[in-house]
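J.: If you want the building blocks of each chain, they are given just below.
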Amino acid sequence: MELENLKYIWRQVGDSPMQEPSDQQILILMGRKPRDPIAKMRRNLLVELIVVVLTYVPTIAWYLIGFDGKLSGIAWVLFAMMAFFAGYAYRKDRLLKDMLCVSCQVRSNLERQVRLLKKYTRFYLAIGSLLVPVMAVFSFVLIFWNLPASPARTASWTTLTTGAILLAGFAIGFYRFNVWYINKLYGRHIRKLQEMLREMDEV
Amino acid sequence: MLHKVCNLYGYTDHDRQDLFQEIVVQLWRSYPGFRGEAKFSTWLYRIALNTAISDLRRQKKQFSSIDPVFLPTQLQDIQYSGEKEEQLQQLYAAIDQLTEIEKALVMLYLEDKSYDEMEEILGINQNNLRVKMNRIKEKLRKLTKETTHGIGKP
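The listed protein sequences correspond, in order, to chains P and B. Position one of the first sequence corresponds to residue 393 (this note's numbering), numbered consecutively onward. Position one of the second sequence corresponds to residue 123 (this note's numbering), numbered consecutively onward.
Watch out, some of these pointers could steer you wrong.
[Claimed, not checked] Each computed DSSO-like pair below joins lysine-lysine, with the alpha-carbon atoms no more than 30 Å apart:
(1) B:Lys259 x B:Lys161
(2) P:Lys584 x B:Lys261
(3) B:Lys225 x P:Lys432
(4) B:Lys261 x P:Lys484
(5) B:Lys161 x P:Lys489
[To be verified] Partner residues are not named here, just some residues of chain B that face chain P (Cβ under 8 Å, in silico):
(6) Glu144
(7) Trp165
(8) Leu171
(9) Leu210
(10) Gln248
(11) Asn250
(12) Val253
(13) Thr266
[Claimed, not checked] Covered by chain P, per the in silico footprint, the following chain B stretches (three or more residues, Cβ under 8 Å):
(14) 149 to 159
(15) 232 to 244
These aren't lab readings, by the way, just hints derived from the structure by calculation. Computed from a predicted model, the values in this text were never measured in an experiment. We put the CB at the ideal spot given by N, CA and C, even for glycine.
Based on the sequences and whatever the hints tell you, model everything.
T.: Set out below in structure tokens:
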């Protein structure tokens, strides 16, 4: 009886509380960019890719033209890295695109978001942590082989070992920073989604 | 229906308008993929609820300001006759104290949806739905009774 009363009140609400948008407003809405977090992440990813291309292309050109072409190897490594980043961005974009299925059942949409967001953060962490150390090692090897007079060739084993230890320390520190940063960016979101899923499943 | 979802999940007027716009955009983008496998209303509810539930930005605000004193004011711009308005505000105030998932269940219940339809929309099996619904109905009874001029007053 009480709940029937609630239903009665609910039916009285109708659709009048908010002002109905005009046709013009609807048309504006159709052309509007989605503002959900995933759409924003995709836009940020595109900005990242543009920044990478704008930074890498002049650097690649500089290594190809400068140093009498002796360091063109670095240019190719940078080119490979840029191509790798483009592939990485593409993969991330696909994951983000698949993440939201608004026409799916609510439960499966939440489950899908949790699964793909976890995959996304793992991918982000792995690539983000490996990129800088791998680049450093590649650059060192290239300089070592291409510039006979480079300090890399004349360095003692102690210097090289110290450099390797510093790089390993940096890699570990960077990995930990990435864990913290990714958790800060997505941790709360994932936990909240998991909490909702648990609530849906518990009897 | 869309406005009801926005009123349930949006805390401020700005939130409600923002959510409404987001749902309309999602409906527009998803419509080409609608193949009639489910009823149109089921599809509509899925999109509206998924959009509302998935956007945690609005929920953050709600969780941080759940003080019941402020809850009825969110409907201050709605013009109804005195008693009806009061009852409506109490209903919204009660619903506002539920979780996001419970809100979805209550909305479908108030919209008189069958358990079959609820399962189609939410993806929760019917046995689980029945248990949850009984629990939520009881919670809603208590919440509405707790208000001074409770609509569920015995």
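J.: The structure should be examined with respect to each hint, and the outcome stated for every one.
T.: Hint check results:
1. B:Lys259 x B:Lys161: Roughly 26 Å between the alpha carbons, so the hint for B:Lys259 and B:Lys161 holds.
2. P:Lys584 x B:Lys261: holds, 22 Å
3. B:Lys225 x P:Lys432: holds, 26 Å
4. B:Lys261 x P:Lys484: violated, 42 Å
5. B:Lys161 x P:Lys489: holds, 25 Å
6. Glu144: holds, 6 Å
7. Trp165: holds, 6 Å
8. Leu171: Since the shortest Cβ distance to chain P is 5 Å, the answer is holds.
9. Leu210: Constraint on B:Leu210 satisfied, holds at 6 Å.
10. Gln248: violated, 12 Å
11. Asn250: holds, 5 Å
12. Val253: Where the cut-off is 8 Å and the nearest Cβ of chain P is about 5 Å from B:Val253, the hint holds.
13. Thr266: holds, 7 Å
14. 149 to 159: holds (count 5)
15. 232 to 244: holds (count 6)
Figure legend: structure checked against the earlier numbered hints; hints not met, in rising order: 4 and 10.
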